[in-house]
Amino acid sequence: MTSATGIVAPVEVDQSAITIGTPVRLALLAGDDAELAMARRVALASCADVVLSLRASGGGSLLERAAALRDARADAVLIAAGSGGDDLAEAVRLAYGDAAHPLILVAAPDRARERQVAALAGFDPQGVAPGTTDYGRDALVARVRALRRPSGDAYLRDESIEAAARALAIATARSLVLVDVESEATTLAFSAADGTSFAASAHVGIGANADRVVARAGLDRVRRWVPRAVDGPALLDRVFNRARWPQAVPGTPLALAIEMAIARECIAYVLAQLEATGVDLAPLRAAKTIVCTGTPAGWPRPQQCVMTVLDALAPTAVHAIVRDNGDALVRAGARASRGSADVLTTVRPVAIVAAMPPRRSFDVTVTDASGAVDTRVTRGALVLVPTHGAVELRVNGTLEATASELELGVIIDARGRPLVLPARDAERLPALARWTTALSVLPQDPV
Amino acid sequence: MGWRFGESTVVHPLPIGVSRRAGEGEAVLAGDAIATGTIYGTPVRLSGARRLGLAPQDLARVMRVAPGAEVERGAILARTGRRFARAVTAPFDGRIAHIRADGDIELAPIVDRWVVRAVIDGTVTSTSDLEVVVAGEAWCLQGVAAYGPDAIGDLALLADGPSDEIVPSRIDVTQRDRILVGGGRSGPEAIARAHACGVAAVVAGAVPAAGLRAIFGDDVSAHGQVLRGDAPTVLCLAGFGTSALPESLYSPLRVFAGSRAAIHTASARLFVFAASEAAAIPATSPSLALSTDWGAVRALDGRVTIEPDVRFASEVLASGVATEAGPVPATNVLPVGAAR
Chain A
1 MTSATGIVAP VEVDQSAITI GTPVRLALLA GDDAELAMAR RVALASCADV
51 VLSLRASGGG SLLERAAALR DARADAVLIA AGSGGDDLAE AVRLAYGDAA
101 HPLILVAAPD RARERQVAAL AGFDPQGVAP GTTDYGRDAL VARVRALRRP
151 SGDAYLRDES IEAAARALAI ATARSLVLVD VESEATTLAF SAADGTSFAA
201 SAHVGIGANA DRVVARAGLD RVRRWVPRAV DGPALLDRVF NRARWPQAVP
251 GTPLALAIEM AIARECIAYV LAQLEATGVD LAPLRAAKTI VCTGTPAGWP
301 RPQQCVMTVL DALAPTAVHA IVRDNGDALV RAGARASRGS ADVLTTVRPV
351 AIVAAMPPRR SFDVTVTDAS GAVDTRVTRG ALVLVPTHGA VELRVNGTLE
401 ATASELELGV IIDARGRPLV LPARDAERLP ALARWTTALS VLPQDPV
Chain B
1 MGWRFGESTV VHPLPIGVSR RAGEGEAVLA GDAIATGTIY GTPVRLSGAR
51 RLGLAPQDLA RVMRVAPGAE VERGAILART GRRFARAVTA PFDGRIAHIR
101 ADGDIELAPI VDRWVVRAVI DGTVTSTSDL EVVVAGEAWC LQGVAAYGPD
151 AIGDLALLAD GPSDEIVPSR IDVTQRDRIL VGGGRSGPEA IARAHACGVA
201 AVVAGAVPAA GLRAIFGDDV SAHGQVLRGD APTVLCLAGF GTSALPESLY
251 SPLRVFAGSR AAIHTASARL FVFAASEAAA IPATSPSLAL STDWGAVRAL
301 DGRVTIEPDV RFASEVLASG VATEAGPVPA TNVLPVGAAR
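Note that the protein sequences, when read in sequence, are chains A and B. Counting from 1, position 325 in the first sequence corresponds to residue 325 in this note's numbering; the numbering is continuous, with no gaps. Counting from 1, position 182 in the second sequence corresponds to residue 182 in this note's numbering; the numbering is continuous, with no gaps.
Rather than coming from a laboratory, the hints here were simulated on the basis of the structure. The reader is advised that the hints may include incorrect statements.
Here are some, though not all, of the chain A residues that point toward chain B, as calculated from beta-carbon distances under 10 Å [stated by the list, open to error]: (1) Ala66; (2) Gly97; (3) Arg242; (4) Arg244; (5) Asp425.
For the chain B half of the interface with chain A, some residues (derived, Cβ under 7 Å), not all of them [to be verified]: (6) Arg100; (7) Gly103; (8) Ala325; (9) Pro329.
In this text, a Cβ means the ideal position worked out from N, Cα and C, and glycines have one as well.
Whenever a hint applies, use it, and build me the whole structure from the sequences.
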């Protein structure tokens with residue numbers, strides 16, 4: 001059973017120096033696929049851009065590897081190789097020679113690490129325990145984050161997000177996933193009720209790095225979410241322009257719909273990256289609370305951020321969705337990363353979402369200050385029941401969730417998981433239009 | 001910031017295999033070779049210190065040729081002993097690419113040579129195996145994004161006005177090695193034709209992003225793409241899709257037509273090597289306004305009027321800047337050359 005009770009009205013919080021930090025270009029040199037996955041996990045946790053991935057077992061001559069390293073213009077090189085690490089260390093020596101070199105991190109078992117560090121003498125390599133251990137991973141993440149931090153007293157946004165998720169999960173004693181989408185980066189942080197957590201960040205965003213979303217996810221994956229007929233070349237021009245005007249805001253419903261589409265794919269991209277490193281996404285999708293921060297939390301209508309996380313995260317249970325109040329949660333998270341902070345007062349409850357399997361229709365009873373509303377939900381439907389005051393949700397007579405005041409109400413999502421969009425525009429656009437209309441997501445286009 | 005005359009610094013990254021590079025303080029012109037090197041084939045690992053019975057750190061003492069040297073087949077690379085000599089010889093013509101930490105020698109055949117050319121007239125301020133930095137004075141215009149290899153050539157104006165499009169039919173081989181300047185837009189057809197005719201580069205207000213993908217591949221981004229080798233060079237001055245250049249950006253180009261110029265792709269800058277008094281620059285910097293639906297870029301010359309608290313059609317509440325087509329969000333307006 002999910003309850004949003006305990007989340008109250010926002011209060012003022014102190015300003016903090018929160019920054020996404022200096023982008024760090026990270027080259028990953030791994031021994032095999034498992035070590036490469038571990039290294040990618042470190043990159044995700046530290047919000048580093050992976051500019052090169054090489055495996056010792058992947059072939060290629062010493063010169064080809066060195067040339068790839070040189071061309072990658074990395075700020076840091078992570079060698080995560082038990083066997084084959086000596087050859088990778090040689091590639092680093094050849095790539096940089098006597099010239100200025102990036103930070104070299106060597107994460108390998110003891111003997112291999114000693115050998116590689118000795119081979120790289122003169123490059124000031126930093127030996128760290130392998131990233132397969134929590135200690136080793138944390139140490140690697142801390143070193144890469146230190147590169148991104150512009151000054152000692154600056155707070156990194158992703159670090160603050162992770163701390164906020166942990167603090168909020170402990171304060172509410174419920175598992176939680178926090179979704180932060182910004183101009184330059186997207187962060188997902190999961191925390192179990194006991195505070196065990198992990199975070200993943202990538203430099204894909206809805207502003208300066210919007211073009212990366214298109215490059216990595218594909219233009220069609222972004223276009224499929226736009227509930228208007230827009231051709232690929234025109235969409236690409238808009239995304240590229242948006243990337244070069246990092247602080248631009250959408251002035252039309254179409255631009256807002258494009259921004260929402262990019263945000264969905266930002267979240268999907270980080271999820272896919274997490275999954276590729278072997279992380280099980282089921283607990284994340286079943287988290288009791290979903291928190292939205294960043295640009296989506298500030299969109300004009302709350303249903304816009306709800307719709308975006310619903311589509312991208314594809315949650316599978318009954319969830320409370322809350323949103324940040326003008327980055328107050330992020331600032332509280334920044335304080336929590338170096339001490340303690342009251343995070344409960346920084347978010348606004350938006351909706352209760354019940355993701356239901358679409359096998360058959362079912363009865364939903366939503367009770368609020370105005371009384372009880374009975375709704376029959378059919379397969380594939382997306383239904384919003386607006387509420388006022390305290391809310392209680394029953395499905396087929398069973399109490400599923402309660403909440404205090406909600407901005408929006410109760411949303412029943414019977415579209416099924418995984419959410420499948422029709423490939424053809426003629427079928428996809430009506431489906432999207434139906435869903436956006438059901439939640440009143442977008443304003444009407446001006447005539 | 002639009003056009004400016006002053007000192008600019010250009011970093012020229014170097015590939016692996018440097019043979020020669022310009023020294024610090026050396027004066028260079030745009031187009032001069034500032035570094036040369038070799039492109040290696042597949043290297044062969046030769047047993048070095050182990051074969052000679054030495055510790056790896058002692059190998060340097062018995063090397064007969066320096067790392068990086070070109071050698072012929074049979075050449076002695078390292079030798080030790082007198083009466084019972086041991087030696088490492090080159091099994092083929094090539095170059096010593098690397099000495100490993102364990103004392104082995106990587107010998108690689110030479111399959112080609114590369115040259116890196118200066119993109120600005122000036123003086124070499126620093127040099128290493130990684131890069132050569134040149135600083136010099138020139139007219140400079142910061143673009144939004146550039147694609148392809150660096151380019152050097154004489155400027156040639158191909159459009160009749162700041163909003164005109166480069167028409168493919170106006171491009172021919174007489175424009176070989178020139179940097180063609182269009183007005184508001186250049187399509188992929190014009191860029192491809194220009195490249196086929198040997199044109200050094202195309203400069204335009206905007207290029208359709210889909211056109212850039214057709215030319216440079218699906219990985220192309222809004223932040224530019226540096227390439228080596230045979231590829232077109234394109235500089236976008238305003239954005240993507242359609243645009244018109246501000247008159248204050250376009251009018252100096254009329255004056256600069258025929259001057260030597262260069263494009264540094266990594267930093268998306270156009271350099272023109274003309275006298276500092278060659279063009280007059282207006283006091284107010286022009287701006288570029290991204291339309292409310294992000295589909296086009298509009299030039300704003302001179303001062304702009306801010307309207308507070310405009311409710312846009314998306315329901316976003318923000319300060320607006322008045323334009324002929326209605327207000328656009330103030331955050332959608334940036335000065336030309338602004339840091340992005």
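Right, here's what the structure says about each hint:
no., hint, result
1, Ala66, "holds (6 Å)"
2, Gly97, "holds (5 Å)"
3, Arg242, "holds (5 Å)"
4, Arg244, "holds (5 Å)"
5, Asp425, "violated (18 Å)"
6, Arg100, "holds (5 Å)"
7, Gly103, "violated (11 Å)"
8, Ala325, "violated (11 Å)"
9, Pro329, "holds (5 Å)"
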